[in-house]
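Peer 1: Spelled out, the chains give:
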Amino acid sequence: MSLQSQDIIRRSATNAFTPAPRARDHQAEVAKLIDVSICIGCKACQVACNEWNDLRDEVGHNVGVYDNPADLTPDTWTLMRFDEHQDENGKLEWLIRKDGCMHCADPGCLKACPQPGAIIQYANGIVDFQSEHCIGCGYCVAGCPFDVPRISKKDNKAYKCTLCVDRVTVGQEPACVKTCPTGAINFGSKADMLVQAEERVSELQGRGFAGAGIYDPQAVGGTHVFYVLQHADKPQLYHKLNPDPRISSAIEGWKGWLKPVAAAAFFATLAGTVFHYIGVGPNEVEEDEKETQV
Amino acid sequence: MALGRRQFFKLCTAGAAAATSVSLGFAPAVANASQSRQYKLLRAKETRNNCTYCSVGCGILMYSLGDGAKNAKARIFHIEGDPDHPVSRGSLCPKGAGLVDYIHSEQRLLYPEYRAPGSDTWQRISWDHAIERIARLMKDDRDANFIEKNAKGVTVNRWLSTGMLCSSAASSETGSLDQRFTRALGILGTDSQARVCHAPTVSALAPTFGRGAMTNNWVDIKNANVVLIMGGNPAEAHPVGFKWVIEAKIRNGAKVIVVDPRFNRSASVADLYSPIRAGSDITFLMGVVNYLISHDRIQHEYVRAYTNASLIVRSDYSFDDGLFSGYDAGTRRYDRSSWAYELDEQGFAKRDMSLSHPRCVYNLLKQHVSRYTPERVNELCGTPKDDFLQICEILASTSAPDKTATFLYALGWTHHTTGAQMIRGSGMIQLLLGNIGMAGGGVNALRGHSNIQGYTDLGLLSQRLPGYMNLPSDNQTSVETYLKETTPSAQLPGQVNYYQHTPKFFISLMKSLWGDQATRENNWGFDWLPKWDDSYDVLNYSNRMYEGKVNGYIAQGFNPIAAFPDKNKAAEALAKLKFLVIIDPLATETSSFWQNHGESNDVDPAAIQTEVFRLPSSCFAEENGSIVNSSRWLQWHWAGAAPPGEAWHDGKILGHLFMKLRELYRREGGVCPEPVLNMAWDYKNPYDPEPEEVAKESNGYALADLHDDKGNLVLRKGQLLDNFAQLRDDGSTACFNWVFAGSWTEAGNQMARRDNADSGLGCTPGWAWAWPQNRRILYNRASADPQGKAWDPKRQIIAWDGSRWAGSDVPDYPVTAAPGSDVNPFIMLPEGVGRLFSVGAMNDGPFPEHYEPIESPLVSNPLHPNVSKSPTARLYESDRARMGSREEFPYVATTYSITELFRHWTKHSRLNAIIQPEQFIEIGEVLAKEKGIVQGDLVRVTTKRGYIKAKAVVTKRVQRLEVAGQMVDTIGIPCHWGFEGATRKGFLANTLTPGVGDSNTNTPEYKAFLVNVEKA
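Order-wise, the sequence lines are chains A and B.
So the first sequence is residues 1 to 294, counted in the working numbering.
So the second sequence is residues 10001 to 11016, counted in the working numbering.
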C-alpha cells in the first residue's frame, strides 16, 4: 500500500469525464492530526514550515497578542492562534490552535478555481496549488470554507500549505509534524490518525473534558488535517473555528449542479443555432445596417 | 477595423462559447504536467550535530550543499531534527527549527574589526594586527598590575585588572582551553553564563545530594506520576524536553501542576495551575514540608534510612526571629560552626533512629517549618489556600513507595537572593517523599545554555577548578592545607565518601595543567594557580569595573550588557575599560555598547575611550566537539561547513593569542612568566588545537604503567584512562576533569556513541556518555530499600544479583556493597544520606527561610519584620543607591524567556524574528484597565535604574493577588530584544533588573523587583 501517491485524482477546471489514474489504486489517504489539547503554541511548526518551504515573511509588529504574524499570509502557511478562555467557574484556559490548510476531501478551492491544473488533489488526499498555473483570480480564497489561501502581492499567485507534498512523496512526514515538540501534530494514514484521535478523546474525557471530540467536518467530505479539541462542542472558542464549514453556495452552484445545467443550456443554444441554420438558413443582413456603416 | 452590430454580437457569442467550453472542461490538454516541488535533500551531505541553544541538547541533522566532495564548498541550507536522538526523537522547538537563520544571520561577524578610542565607527583589521595588539595590551596590563604576593607575603599570583567571560554555548573543548588560558595568566575575574543562570543549583543540590546536577534525565520524566513545574517553565524554555512531561501525562496518567506568577505555556497543558507572587517560593515549599510532616505523609522508611533526619545537631544551633545562630551583623555573615552534627568519640555524627531526640534533624525541621501554615502560604504567596492544599495532597500521594513526583525548575528559582534555598526546599520535599534516586522522581534542574552544564563541570567560574573543585584561596597557603581543607572525612561509619579521593583529582589536574613541570618538589605547581581573596563573580567584577579598577575584558560568546543586571551600570562600567575584546559569531550589543542607538542605548561615542576588538568566531555548526546537556550527557558533534568569511574557531583564537603572549614573555621577560610558559599547551599545532586532542586530555592519561593493588597491570604509560577510579595522587596520572574520565577511552570516543536502545524505563546507556561513569539516574541505589528490594518493582533500576549490583543503569554505588550493609546511597556525601539539614554548606542557613526580595512590595516580612530581607545577600553601595521603594515603584516585575526566542541570541535569526518580532511586556487586565492601557499600546516600564518601552500584551494570565493584606500586581517582562538583531529594535530588559544576587552564589535577582508602568 502506498501513502506517497503522486496520482492526481482531481484537477481544477478540468473535465470530470477525463478519468484520473486508477491502475495504481492500492493507495491510502494520509492525514495530519492536530491534538490541540497538548499543543503549547511554541510555533516550532511555523518555523519548520517556513524553513522547509523557504519562506521568510516580514518581521512585523506586536499588536498586543502572541499571534505572529497577525494572520496567515502568502509567506506564512501555518499560524498559531491564541485565545484566553475563562469558563463559568472562572477556570482559565489558554486555547492554542494551529491554523492552516485543512486539505478537505472535497476542496472548495479546487472547485472554485477556473484555471486548469492550478489546484490539484492527489490520491492520498493532499490538495496542492501549482503556482505556475495560478492566474491570481482569488476564486480559491472565496471557495475556501476556512479562509486559508492568500494571494501574494509579489507575483499575484495564491499560496497555502502543501502538506509538504515534496516530503510525503519520498516517504517523510511534513516538516511541522516532525518538529512538534509535544507530539501535538501527528501524521499517518487517515485511518490510523482517526484511531489515535479516538484514544486522545477518551483520555481527555477521562480528565473531565466532557465535550472533547474530533473535528473532521463532513460537509467538506472530512479533512486530511483534523483536530482533537477539548471542547469539540464549541469549536468557535478556538479562534472562531467554523462549527459547520461549507463550500459557499455560489461555488457549489456554479461548479456543482449548475455546471451540467449550464452545459445543457449551452448545448441547447448551440444545437438551436445549428438547426436554425439548416432549417431556416442564415439571417439576412438588411439595408439600414449597411447604411449606418458609412 | 470597423465592427457592425451583428459582427459584434457574433464575436461576443463566439467568445462566450469558447469561455464556457473552457470553463466546462473542454480545454486542450496542458503541455506541462502538474508537478509539486522537488525534494531538496537528495544526496545533500548530512552531518550530525546538536542544537546550540538550550540544555535539552536535541540531535540535529544539518544538510549542506555538495556530497562531501573536496571541490564543493559546503553550505548548510537546511536543518531538521535527528529522529534517532533519544530525547528529541526528531523534534526541534522554534529556536532549533530556525537554526539555519542563525548560521546565516546577517549579523554574523566575518572579519576582525577595531574601534579606536572615541571613534564612532568600526574599521576592518587583519587577524595578525588584532592578535598582536591585544596581546600587547594584555601583557602591558598584566606586567603593570599582576600581584605576586599579598599583604601577608603569601604567594597569590593573581591578575585582577583584566577578566574574561567564557561562553556556555561553546564546546567543552573550548572551555578547557579557556580554563588553561585564564588560569595561566592568573585571571580570577572569569565566569561563564552559569553565574547568571544555574550557579545556585550547584550550591543547593551538591550539599543536599552530593552532586550539583539534574538528578534524573529528560526521558525519565515520562515515568513520573506527578510533575511539579515551579520556578521554571519548560514548555517555553525547554520545549523538546517538555515532550516527556506530555508523555507522562498522556501515557502514564500523570498529574501536571504548574505554580508560577504567570499562566504560561506550561500551564496551558497542566491539570492544575496556581499563581504565586514572584519571590515567595520558600514560603510555599516550606508550607509543603509542614503539610507533609504534620499530616504524616512522608516515606518513613526512606526518610529514616536515606536522609539525615535521624542525625543529631549540636546544641548551640538555633533559629530565632529570622536569624540562625552565629550571625555577625557587621560582616553580614554567619559563623557556621554550630550548624553541625553532634559527634561521638570517633568523630561520627550521633544518630537517633527513632527520630525522638529533640535535636535530631527531623524534629528541628518540624519545628522550623511549623510557622509555614496554609494560611501563611496564602498570606505571603497570594496562592489560594484551596489550591495550595490540593497541591500538597497530590504531592503527598507520592509518598507511597510506588508513586513518584518529579520537580522541574530552572531560573525561576535560581534568580533570587534566596535562590539556592528555594532549590534546597524542593530537595527536602523530595527526600521526605522518597523520590530521589527513583525513576520518575528527582529534583531536575533544567539547565540553560547548551553547554552550561559542561562549563560548570569545567569550573569556569571565578572560584572553581574543573570537576567541582575549588580554586585555592589565599588562606590556603600550601597544597597540603588546600587538600586538607577540601577533602572531607566520613561522618558516619562505613561510608563511601567519594570526595575522600580529592587529592587524586587535584594532583591529576595539576599534572594535566603543568605537564612535566608539575613535580612533587614544586608542590605540583600549586604556586602557579592564582589564589583568590574575594569572589570575582560578574556582579563583583562589574562593580570593580564601574569603580575603575579593571582595564581589560574579554567576552567570549557572552553579551554582558544584555545579560548582566542593571544594563546602564554595566555599560558605564564597560566605558571605563581600556580595552574590550569580543569573541563571538554575532554582532552583540556589548560589542557596540559605545554606539548611539537612540533611546535604547543613548551614549556619546566620543566620550568612550575604550578600545574595542571584535573577533569573529565559528558557531556550533562549524566545529567538532562535545557539549553536555542537562542530563549530563556529553554528546559529540561534527562540523557541517567551514566558518564563514575570515571567522576562526575559538580554539584557534585562544591558541594564537596565547602563543603570542608566550612569545612576548619569552622575548621580553615580564612579571611572573612561569605559569604562562609552563601551562601545558602541547597540541600538534599549538596555534590551533584540535578538539579531539583536547577532549582526550579532559579524559586523562596514564603517565606511567599503572598497576592495581595486586600488582596487575591496569594501564600502560600513555594510555587513556578508563574511568576516574584509576586516578592516582602520585603524579602518575594526568586528568583535566576527573568527572569526564571515561568519556574518551582506549575504546574510542564514548561521547560519539549512537546506540539508542532502551535498557528499561527509557534509559539509553549506549547513547553518548554521561558523567559520572555513564550513570543516567543519580543516587539510583535509593530506588531500592536498604535490603535491596526495589521500592516499586515497576521502577526497578538496579538489583543485587547475589554478588553485584546491576540493572538498566550503571549503579551509583559500590557494585559489591551487599544489601543491608552500612553503605548509604548518597556516596558523594560524607554521611552518605540526603540532607534535610545542610549543615554548614550554605551561607544563609541550614534550613531554607523566607526572606523578601531586595525590592519588595511589602512593608516588612510578616515572619520576622526585623529581618525582612536576606541577612547575607551582598549589596554594594553603588547598587544600594539604585534600589527603588515600594511607594515609587508599586508593581512586582519578573523577567523570563518565551518559547520563540532564546535569550538575546535568536533575535539575530530571521525565522525567529518573524514569529516574535517586537518587544512586549505582559500586564493583567485589572491593572491595565486602571492605567488606561489597552492591548498593543506602547508602555514605559521604569525602575530606579532605568526604563524600557515595549508593547503591552494585556492578559487574563497575569492576575492581581492579595498578599499580606495588600493587592499586588505583576508585570511580566520577557528578556529577548535589544538594539542589534533581526527583530525590531528594542531595549535590553536587564536595564530594569537590580544588581544584587543570591546569598550563596551572587546569581542576580532577575525574577523579583519593583517597577512602575505607564502608557508611553
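Simulated from the structure, these hints should not be mistaken for laboratory data.
Because the structure is a prediction, the values reported are computed rather than measured.
No residue lacks a Cβ here, since even glycine has one placed at the ideal position from N, Cα and C.
Where hints are given, some of them may not hold.
[Stated by the list, open to error] Label-pair distances were calculated between CB atoms; the ranges are:
1) A/92 / B/10866: 30 to 40 Å
2) B/10692 / A/20: 29 to 39 Å
3) A/221 / B/10065: 33 to 43 Å
4) B/10069 / A/253: 52 to 62 Å
5) A/196 / B/10390: 50 to 60 Å
6) B/10384 / A/205: 25 to 35 Å
7) A/85 / B/10840: 13 to 23 Å
8) B/10930 / A/236: 29 to 39 Å
9) B/10065 / A/2: 50 to 60 Å
10) A/221 / B/10386: 23 to 33 Å
[What the hints assert, rightly or not] Taking lysine-lysine and the DSBU-like style, the derived pairs with C-alpha atoms no more than 35 Å apart in a straight line are:
11) A/240 / B/10944
12) A/240 / B/10073
13) A/154 / B/10985
14) A/154 / B/10956
15) B/10956 / B/10139
16) B/10073 / B/10696
17) B/10660 / A/91
18) B/10139 / A/234
19) B/10139 / A/91
20) A/234 / B/10931
21) A/234 / B/10956
22) B/10869 / B/11015
Peer 1: Hint by hint, say whether it matches the structure.
Peer 2: These are the hints, each one checked on the structure:
1. A/92 / B/10866: 30 to 40 Å: The hint (30 to 40 Å, Cβ to Cβ) holds, given that residue 92 of chain A and residue 10866 of chain B are roughly 39 Å apart.
2. B/10692 / A/20: 29 to 39 Å: About 57 Å separates the Cβ atoms of residue 10692 of chain B and residue 20 of chain A, which means 29 to 39 Å is violated.
3. A/221 / B/10065: 33 to 43 Å: About 42 Å separates the Cβ atoms of residue 221 of chain A and residue 10065 of chain B, which means 33 to 43 Å holds.
4. B/10069 / A/253: 52 to 62 Å: holds, 59 Å
5. A/196 / B/10390: 50 to 60 Å: Between residue 196 of chain A and residue 10390 of chain B, where Cβ atoms are some 31 Å apart, the hint is violated.
6. B/10384 / A/205: 25 to 35 Å: holds, 27 Å
7. A/85 / B/10840: 13 to 23 Å: Distance hint for residue 85 of chain A, residue 10840 of chain B is violated at roughly 51 Å.
8. B/10930 / A/236: 29 to 39 Å: Since the Cβ atoms of residue 10930 of chain B and residue 236 of chain A sit about 31 Å apart, the hinted range of 29 to 39 Å holds.
9. B/10065 / A/2: 50 to 60 Å: violated, 31 Å
10. A/221 / B/10386: 23 to 33 Å: violated, 48 Å
11. A/240 / B/10944: violated, 44 Å
12. A/240 / B/10073: violated, 49 Å
13. A/154 / B/10985: It holds: about 26 Å lies between the C-alpha atoms, which stays within 35 Å.
14. A/154 / B/10956: violated, 39 Å
15. B/10956 / B/10139: Roughly 57 Å separates the two Cα atoms, so the pair is violated.
16. B/10073 / B/10696: holds, 30 Å
17. B/10660 / A/91: violated, 65 Å
18. B/10139 / A/234: violated, 71 Å
19. B/10139 / A/91: The hint is violated at about 64 Å.
20. A/234 / B/10931: holds, 34 Å
21. A/234 / B/10956: holds, 20 Å
22. B/10869 / B/11015: Measuring from Cα to Cα gives roughly 32 Å; hence the hint holds.
The structure fails to meet hints 2, 5, 7, 9, 10, 11, 12, 14, 15, 17, 18 and 19 from the earlier list, while all remaining hints are met.
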